[in-house]
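Chemist: Sequence:
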Amino acid sequence: MKLLEKLAVKLSFTKAEITLVSALLGFLVLGGILKNFRSVEKAETLVKKVETAQYREAEVDSLISLATAEQATVKEDVMQGVASENSKSGLAKRASQHSTEKKVFTGTISFNKASIGQLQKIPGVGPVMAERLITFRTTKGGKVREFQELLEVKGVGEKKLEFFKKYFTLE
Numbered sequence: 000m001k002l003l004e005k006l007a008v009k010l011s012f013t014k015a016e017i018t019l020v021s022a023l024l025g026f027l028v029l030g031g032i033l034k035n036f037r038s039v040e041k042a043e044t045l046v047k048k049v050e051t052a053q054y055r056e057a058e059v060d061s062l063i064s065l066a067t068a069e070q071a072t073v074k075e076d077v078m079q080g081v082a083s084e085n086s087k088s089g090l091a092k093r094a095s096q097h098s099t100e101k102k103v104f105t106g107t108i109s110f111n112k113a114s115i116g117q118l119q120k121i122p123g124v125g126p127v128m129a130e131r132l133i134t135f136r137t138t139k140g141g142k143v144r145e146f147q148e149l150l151e152v153k154g155v156g157e158k159k160l161e162f163f164k165k166y167f168t169l170e
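With numbering that gives the first Met the number 0 applied, the sequence shown corresponds to residues 0 to 170, in that order.
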């Protein structure tokens, strides 16, 4: 006797009933496999969403640090402006000194914390280059670890990189 016939005799079922029960069990197993497969896909999607959220949090953190650095720079600029206006007398004297004086930046700044205004104080860095550097830093999660990474910024070559090394620190 065949296996199906032996099982039908033991369970007191007909061949048709055994076939139907076997098909239902097969569908049940197939459904379980598909459900598990979909849950794996959902898990991968959730992991991607979490990674994206973490990136956004890092971006927000870097924006917050930029805002606080910008506030400090604004306070310094206002204080310097008030001090310089108090020390200068007369509109003509102010105008002549302003046109002939140009502050030369000396020292270093932390690239990972610098604002656009601070970057523009460096000779050779204008508003466009400062914006590119800030955007690059933001895409790196708010922190650049090596100077070589700056070569990815449009307009920065080996010569400009050596120039930046004089003015930037990567803390």
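Keep in mind that the hints were calculated from the coordinates and are not lab data.
Owing to the predicted nature of the structure, the values given are computational and were not obtained by experimental measurement.
Some hints here could point you the wrong way.
[Stated by the list, open to error] Cβ pair distances, simulated, as ranges:
1. 40 x 130: 36 to 42 Å
2. 119 x 160: 15 to 21 Å
3. 119 x 142: 40 to 46 Å
4. 47 x 9: 30 to 36 Å
[To be verified] Each computed DSSO-like pair below joins lysine-lysine, with the alpha-carbon atoms no more than 27 Å apart:
5. 112 x 41
6. 48 x 164
7. 34 x 48
8. 34 x 47
9. 48 x 139
10. 165 x 120
11. 14 x 41
12. 112 x 34
13. 112 x 153
14. 139 x 120
15. 14 x 1
The beta-carbon is built from N, C-alpha and C at its ideal position, and this holds for glycine as well.
Chemist: For every hint, state whether the structure bears it out.
Modeler: Status of the hints after comparison with the structure:
1. 40 x 130: 36 to 42 Å: holds (39 Å)
2. 119 x 160: 15 to 21 Å: For residue 160 against residue 119, whose Cβ atoms are near 18 Å apart, the range 15 to 21 Å holds.
3. 119 x 142: 40 to 46 Å: This hint is violated: roughly 21 Å between Cβ atoms.
4. 47 x 9: 30 to 36 Å: With Cβ atoms ~52 Å apart, the hint is violated.
5. 112 x 41: violated (38 Å)
6. 48 x 164: Not satisfied, since the Cα-Cα distance of roughly 37 Å exceeds 27 Å.
7. 34 x 48: Cα-Cα ~21 Å, so holds.
8. 34 x 47: holds (20 Å)
9. 48 x 139: holds (18 Å)
10. 165 x 120: Answer holds: residue 165 to residue 120 is near 13 Å, not above 27 Å.
11. 14 x 41: Violated, at roughly 41 Å.
12. 112 x 34: violated (48 Å)
13. 112 x 153: holds (20 Å)
14. 139 x 120: Cα-Cα ~23 Å, so holds.
15. 14 x 1: holds (11 Å)
Of the numbered hints listed earlier, those contradicted by the structure are 3, 4, 5, 6, 11, 12.
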